[in-house]
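Add chain B to chain A, keeping to what the hints say.
Chain order of the listed sequences is A and B. Its first residue numbered 1, the first sequence is counted upward by one per residue in the working numbering. Its first residue numbered 1001, the second sequence is counted upward by one per residue in the working numbering.
Please keep in mind that the hints were generated in silico from the structure rather than gathered at the bench. Here the structure is a predicted model, which means the values were calculated and not measured. Just so you know, even glycine gets a beta-carbon here, dropped at the ideal spot from N, CA and C. Hints are supplied without guarantee of correctness; some may be wrong.
[What the hints assert, rightly or not] Stretch-level coverage of chain A by chain B, calculated; a stretch enters the list once three of its residues show a Cβ under 8 Å from a Cβ in chain B:
(1) 107 to 116
(2) 197 to 204
(3) 236 to 242
(4) 280 to 290
2 protein chains.
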Amino acid sequence: MKKHNYSAGPCILPQEVFDKSAQAILNFNDSGLSILEISHRSKDFVAVMDEARSLALELLGLEDKGYKALFLAGGASLEFLMVPYNLMKEGGKAAYLDSGTWASGAIKEAKFFGETVVVASSKEENYNNIPKGYSVPADADYFHCTSNNTIFGTQMKEFPSLDMPIVCDMSSDIFSRVLDFSKFDIIYAGAQKNMGPAGTTLVIVKEEILGKSGRIIPSILDYEKHIKAESMYNTPAVFPVYASLLTLQWLKKLGGVAAVEKLNNAKAELLYNEIDRNPLFKGAAAVEDRSNMNATFLLNDAAHTETFDTMWKAAGISGIPGHRSVGGYRASMYNAMPIESVQVLVDVMKALEKAI
Amino acid sequence: MKKHNYSAGPCILPQEVFDKSAQAILNFNDSGLSILEISHRSKDFVAVMDEARSLALELLGLEDKGYKALFLAGGASLEFLMVPYNLMKEGGKAAYLDSGTWASGAIKEAKFFGETVVVASSKEENYNNIPKGYSVPADADYFHCTSNNTIFGTQMKEFPSLDMPIVCDMSSDIFSRVLDFSKFDIIYAGAQKNMGPAGTTLVIVKEEILGKSGRIIPSILDYEKHIKAESMYNTPAVFPVYASLLTLQWLKKLGGVAAVEKLNNAKAELLYNEIDRNPLFKGAAAVEDRSNMNATFLLNDAAHTETFDTMWKAAGISGIPGHRSVGGYRASMYNAMPIESVQVLVDVMKALEKAI
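The shape of chain A in the complex, shown without the other chains (with noise of 0.2 Å):
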C-alpha cells in the first residue's frame, strides 16, 4: 500500500535518493567499496563534498558573494551555540525573535555569553503567529530569527533589513522557497528537512563578518577554521552529506527553488482550502503566517477523533498527530512530498465530513 508520510522531521525524501544512496552502500562509484567504508579524504568524497557545498550556494543565488557552505554536525542545536561564540563580542549584546520551541533554545544558549535582547516573543500566545512591528537595538552585534516553526505551523514571510549581521535558522524551510538570501549572513538548516537524512547541517556563512568578536573560540566551534579547512576540520558524516548531495541534485534537476516553490504554494494552498472550508475543522496558527511546511490544525469536536485517526490510517497516511504542544494535527508537506499525497489527505477529510 502506498504511503503517505507527514513526518516532521526527519521526513520524506525523494524516491531516487533512496535508490541512489542505497546503491552507493553497496558499491559507491563503481569503485567496489562501500561509501561507508571509504576514507572522507579519498579523491570520491572529497568530490562530493565539494560539489553538496558548490550547489548549496548556487540553488540559494549565492555564488560568487563572498559566502561559504559548511556541512557541519551537532544539528541546529549547536550552531545555536557556534552564533554567539562567533559573533557576539565580549561584553556585546545579541538581538533574537522568539518565534517558537527552537527560537526559545537558540536565545537560551545565547544567554551564556552575554546580554541577549529577545526584541519580541509569542510565547504567550502559544507562538500561533509570528511576532511584529518590533525594533532591534541598533548596538546589537546581531540579529537572529527562525524562518519557519516547525511546532506550531508559523512561517515568517518578511524579514526585517537592518544595519547589522541577520542570522537565521531555516532548518524546516530552506530550499522551499525564493528568498533574497543575500539579505542574510549565517543561514544554518539541519538537513533532516528539505535537504536530506538527519546527521549534517548546513550552515552558510558570508565571510566577512567572522574574525570580529574578540573571543577566543575553540576550535571545533570556530565557522574560521571549518572554512579553513574546506569543511572537514574533522571527519564529516560522510554519508549523509551524501545523500544530501542527491537530494540537492534532484532539487536542481526539478527546476531548482523557485520550481519547488509553485508546487510547495500550490499543496499548502490545496490543504489550507479545505481546513477553511470543511466546517469540522479549524487552523492552529494566525492565518498570516501560516506556514507552507507544516500545517497545524484542530478539529472543532474532539468526539470526532477516533474516526479521524482511523480514516486517515487507512488511507495510508503517517506521522500527521500534533506536537504536543498544539494538538490536533500537524501535516508536513516538505519538497519531496508528492501534490496527490496531500490530495489522499484532503480526501479524507471530505469523507469524515460525509461520514458524521
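Using the frame of chain A, we list chain B on its own:
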C-alpha cells in the same frame, strides 16, 4: 576484483552491515518507509537507539555498573571540548597524556578552560612510542589519554590506576580488545573505525562523576542533559546510529570483544612478523607499543617505493599509504578486516623481496 580496504577510517565494515543498511534505506523493518525518512521519535527508531546504547555497554561489560551510553554528534573533536566543560572545575586543572596528534588536539581545547598539565609527551620522538613512567598531579580533576594513535601506529597496553576520573579517547580501538573498561569514567569514540560509518560518536559516561564541576554548561554540551533525554536531546544521526547497531550486532554474533581480539591478534602477528622478517621493511613505532589496529612501516630503501606501490595496487589493496606525518605505509586492520586480506599484503611484501 576483490578489494582489500586498509583505510585508516572511515574504514572497512562487515559486508552484512552494508547489505542490511542498504535494505533499510529501501524499506526499513518492512514498514514501507526508508530509514532515512522516519522520525527519530518513531517507535522503530527509539528501539534502535535503545538497543545500540545497551549493546555498547554489554559488549564492554559495563551493564549495571552506573554507566550510560550516548550516541552524540560532532565526533571525538567535540568531545575534546565537552570533557573539560563537564569535568574541569572553575580554577581547577586537568592532566593529559600527549601520545599523538589527537591527544594534542584534546589538550589544545582543554587549555581554553583552565590549567592543563601535560604529564608526558612523545612529541620529540614524532610520537613513535607511548610515554611511560609519568606521574599525575593528585589534585587534577581528571586524567585524559588516547588508547590508540591511528597516525603513528601506537597503542596503550597499560593504563594508570588513579584516584580521579579517567577519560579515554578510544576512537580507533574500541571493541577491538578486552580491557577492564570499568577503570574508565568516560570513554568516547567516533564511530568510523570499529563501530560504524562516520557521523555519530559513542560516549560512555559513569553518571556519578557528573554535576561536580560547578560550571554552567551550554545545554548541547551537557552530558547530564543528553543522559536525561536518553540520547535524543536533539535529532540524532539516525542512519549512522542504525548502521552502528548493525555492526555491534555482528560483533555480538561473532562472540563479542574477546573473540574479535583473538582475530585481531592473529592479523597483527602475521603482519608484524613479516615487517620484522623481511629485510626490505622496518616498523615505524616502538615494538612494545605497536598498535594491533594500525601497523606503520617503511621501506628501508625508498628507491623500491614505485615497485611496491604498483604491486599492492595490482593485488587489490587500497588505503595503505602512510599519513604525511610518518610517511611510508600504514595498514589498518580493524575488526571487520579478514585475515585473508592481511595475507594478501604479506604475500605482496614477500613478492617484492623476491623481485628485487
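A quick look at each hint next to the structure:
1. 107 to 116: It holds: at least three residues are needed, and the segment 107 to 116 of chain A offers 3 whose Cβ sits within less than 8 Å of chain B.
2. 197 to 204: Since 4 is at least three, the answer is holds.
3. 236 to 242: The restraint on the segment 236 to 242 of chain A holds, since 5 of its residues have a Cβ under 8 Å from chain B and three suffice.
4. 280 to 290: With 0 residues in contact (Cβ-Cβ under 8 Å with chain B), the coverage given for the segment 280 to 290 of chain A is violated.
Hint check: a violation occurs at hint 4 only; the rest are consistent with the structure.
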